[in-house]
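Chain residues, written in single-letter form:
2 protein chains.
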Amino acid sequence: MKNINVALLGFGTVGSGVAEAIRKNSRIMEDSIGCHFTISHVLVRHPEKYRDMDLLQGIHLTSSFDDIIADSSIDIIIEVMGGIHPAKEYIFEALNHHINVVSANKDLVALFGPEIMHTAMENHVNFSCEASVGGGIPILRPLHDSLAANEIESIVGIVNGTTNFILSNMDDSGVSYGDALRVAQKKGYAEADPTNDVAGYDAARKLAILASIGFHANVTFDDVLVEGIEKISQNDVQYASEMGYTIKLLAVAIRQENGIALNVYPAFVPRSHPLASVKGSYNAIYVTGNIVDDVMFYGKGAGSLPTASAVMGDVISTAKHILNHSTGTGMMLTETKRIPFYSSLKLENSYYFRLIVDDVTGVLSQIASAYADNDISIKEVVQKSRIEDAAELMIITEKTPRENIIHVEKALQVLPCMRQVANVVRVMEDDRK
Amino acid sequence: MKNINVALLGFGTVGSGVAEAIRKNSRIMEDSIGCHFTISHVLVRHPEKYRDMDLLQGIHLTSSFDDIIADSSIDIIIEVMGGIHPAKEYIFEALNHHINVVSANKDLVALFGPEIMHTAMENHVNFSCEASVGGGIPILRPLHDSLAANEIESIVGIVNGTTNFILSNMDDSGVSYGDALRVAQKKGYAEADPTNDVAGYDAARKLAILASIGFHANVTFDDVLVEGIEKISQNDVQYASEMGYTIKLLAVAIRQENGIALNVYPAFVPRSHPLASVKGSYNAIYVTGNIVDDVMFYGKGAGSLPTASAVMGDVISTAKHILNHSTGTGMMLTETKRIPFYSSLKLENSYYFRLIVDDVTGVLSQIASAYADNDISIKEVVQKSRIEDAAELMIITEKTPRENIIHVEKALQVLPCMRQVANVVRVMEDDRK
Chain Y
5 MKNINVALLG FGTVGSGVAE AIRKNSRIME DSIGCHFTIS HVLVRHPEKY RDMDLLQGIH
65 LTSSFDDIIA DSSIDIIIEV MGGIHPAKEY IFEALNHHIN VVSANKDLVA LFGPEIMHTA
125 MENHVNFSCE ASVGGGIPIL RPLHDSLAAN EIESIVGIVN GTTNFILSNM DDSGVSYGDA
185 LRVAQKKGYA EADPTNDVAG YDAARKLAIL ASIGFHANVT FDDVLVEGIE KISQNDVQYA
245 SEMGYTIKLL AVAIRQENGI ALNVYPAFVP RSHPLASVKG SYNAIYVTGN IVDDVMFYGK
305 GAGSLPTASA VMGDVISTAK HILNHSTGTG MMLTETKRIP FYSSLKLENS YYFRLIVDDV
365 TGVLSQIASA YADNDISIKE VVQKSRIEDA AELMIITEKT PRENIIHVEK ALQVLPCMRQ
425 VANVVRVMED DRK
Chain E
5 MKNINVALLG FGTVGSGVAE AIRKNSRIME DSIGCHFTIS HVLVRHPEKY RDMDLLQGIH
65 LTSSFDDIIA DSSIDIIIEV MGGIHPAKEY IFEALNHHIN VVSANKDLVA LFGPEIMHTA
125 MENHVNFSCE ASVGGGIPIL RPLHDSLAAN EIESIVGIVN GTTNFILSNM DDSGVSYGDA
185 LRVAQKKGYA EADPTNDVAG YDAARKLAIL ASIGFHANVT FDDVLVEGIE KISQNDVQYA
245 SEMGYTIKLL AVAIRQENGI ALNVYPAFVP RSHPLASVKG SYNAIYVTGN IVDDVMFYGK
305 GAGSLPTASA VMGDVISTAK HILNHSTGTG MMLTETKRIP FYSSLKLENS YYFRLIVDDV
365 TGVLSQIASA YADNDISIKE VVQKSRIEDA AELMIITEKT PRENIIHVEK ALQVLPCMRQ
425 VANVVRVMED DRK
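Chains Y and E, in that order, are what the protein sequence lines are. With the first letter of the first sequence counted as 1, position 399 gets the number 403 in this note's numbering; the numbers rise by one all the way through. With the first letter of the second sequence counted as 1, position 173 gets the number 177 in this note's numbering; the numbers rise by one all the way through.
These are computed hints drawn from the structure, not numbers from a lab. Please note that a few of the clues may not be correct.
A pair holds if it fits inside one copy or across any two, identical chains being indistinguishable in the list.
To be verified - Pairs of lysine-lysine, DSS-like flavour, derived with a Cα cap of 25 Å:
| no. | residue 1 | residue 2 |
| --- | --- | --- |
| 1 | Lys28 | Lys341 |
| 2 | Lys341 | Lys324 |
| 3 | Lys191 | Lys388 |
| 4 | Lys190 | Lys437 |
| 5 | Lys235 | Lys283 |
| 6 | Lys403 | Lys350 |
| 7 | Lys191 | Lys437 |
| 8 | Lys6 | Lys341 |
| 9 | Lys403 | Lys388 |
| 10 | Lys53 | Lys388 |
| 11 | Lys235 | Lys350 |
| 12 | Lys324 | Lys28 |
| 13 | Lys283 | Lys341 |
| 14 | Lys437 | Lys283 |
| 15 | Lys28 | Lys414 |
| 16 | Lys403 | Lys383 |
| 17 | Lys190 | Lys235 |
Okay, chain Y solo, but in the shape it has when bound:
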């Protein structure tokens, strides 16, 4: 039986998952594709720390990438170290040495995807990165291949586990944003500085990768407008729930007639919608195409073994290409062309407002005028609570362009009765047919 030698760059959460997956399922992979996988090298900063690990017996541990690149028996390098440097340099060097690469590195792929792909193609080797979006969920390859006959109209993803854990916890247990964040940090789901996740940057990177593939264009992180979940309060979560919604951080790419719009924002999702059942550590990507209508891909968005499943899917696919002598073909993220952007200011949504106002007569007429002046129809107004001389109002609008919402927010802020525009959140519709 043919043997495929792989080298692991990094041995953290995903790297150890890959080693565990190979040990656990080697017989299944042999049966399935007729070759055996051997981990020949693992690159770690301090090899001595890993020597006694059961999983790594018989494997060459090294802190030198040169050791790996010099070994001509290596068929596939698996980059699971994360970050930009030195992962980027290692990947380019591997490709230029005609070694296939599988990577789980979203930061790198979101910034340099097309450049890496072209280097791989020039060298007739594969570069694949299924694990960079949605953990174990098969999404990049199905989006690129299975849906290839479609013009993709929109991609809506729940692709950040940290924010989904926080929001699910706020919804299920009634805790505050701050408490939910602290629980996430304690469990290791959120970092000490949680900005990258809670401000939506991580989701924006994944959206850039999804949009590049779905729209056959070169989309980067900088093209995505980002709003985070920091302002979502327990009141917002509770009012959403009372109306039959749950709040999720969505990464949304929409094709309009004159370009595409890319946004990350929290939104009310109707409980009847499949995205509403995506809780805790799960991710999902909801794709609409002009032929297929809508499809959703759902699963564990992170974690050692689920992410290793996606990495090994790529490794097995690469092994098949090696066996068929067809490496360097059928790759994704090869487009370098840019695509026009549609102004997100023109995108229409229904919106939820939570306002803290003076509890005096005539307040509602002031507020209603502000909405009317900005051409916004109000669908519902409810007074939710009253504390001393202040009242909390919830307002739901009809579908309105983003720019009118920004204008009314400013107008509301300067009303004499207004104490605080506490939150403004988009409301998603369930428009499944």
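Chain Y is already provided as a structure; the job is to place chain E on it using the hints.
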């Protein structure tokens, strides 16, 4: 630009969808894979009926398969006629003439999948059939390729549109089974004789295909135990709803230590579970692997364009193989080995019973004894209604092997107080971690 000639066998719902998809998105496909698709022939029984159709201008309409097989310019034959004969003969003839085949034919693939695949491989051409399960949903290729590193533990599918439409309608509108079936027939979702769908046979065929791929074995329709939805009443749907469940027809393949068990049955699905949001014409397949944990694939399970999306995904993939000179590789459903079966009698589930009994004292103790005698723990007993001198009881059991349930059903039927064991339905748990 390279041209790929395709011939369509059949021009019904799916065939016209394929023609429409090619017309609508030819530019997108050209951009994406760098080749142009031309429909050169369409095989129909009465060509004269189609001559004026806008979609078919410039295409050779024929009622003779020999016309098609004789044309050496055809690269791919798309079989969308359905049924076993003459589709089977045409497909084998095409493959033996070294022509690639894409098929949407679940009946054929469920019976002859491995035989067809081996004929394709011997002739170094592709056979693919993504559209045979789940309409437009990318499932067979992702299950085979993206999840290749996993030992698949279970596959739970909502894969029959007719029954899902009927059950969703009963749940949403409170109509009876009979009325929901008549609506489905009026809308064209159910046939005049609905047995194939409502008795679960269609779902069983799709389960056989899914299990063959997921478990790397040759599983056929005959291996699946089938229960239909004919006995589901509005009362059952309503009681399920009151407890936070919705009833779905599930196709379930489970790996146990000593083999696999394959069943189609209606079940209570918790509303919190992603499968519960799969309504009407949607399908979903929920897959658990020992590495990836659980993933779900969701989308339109039928319909002209959604199914055409899956067909064209296969056509595009085959075109890439043609361009790379790698047809005949990487195919699914190639296993001919059989796999041991685990007795479905031993599978454990929680169960719902609806019983119509005499409304007299002492009834509950008779019934409780019957359950106790069969080692079944009762979780909940509720008297739901009382009509004249009869009472309707709902009983939910703890997890119990199927064989004990069959025994208690017989014991209940002969109790003096028992008027009718109105229904017995499995209750699914939401065991997501």
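Broken hints, by number: Of the numbered hints given earlier, those the structure breaks are 3, 10, 13 and 15, listed in rising order.
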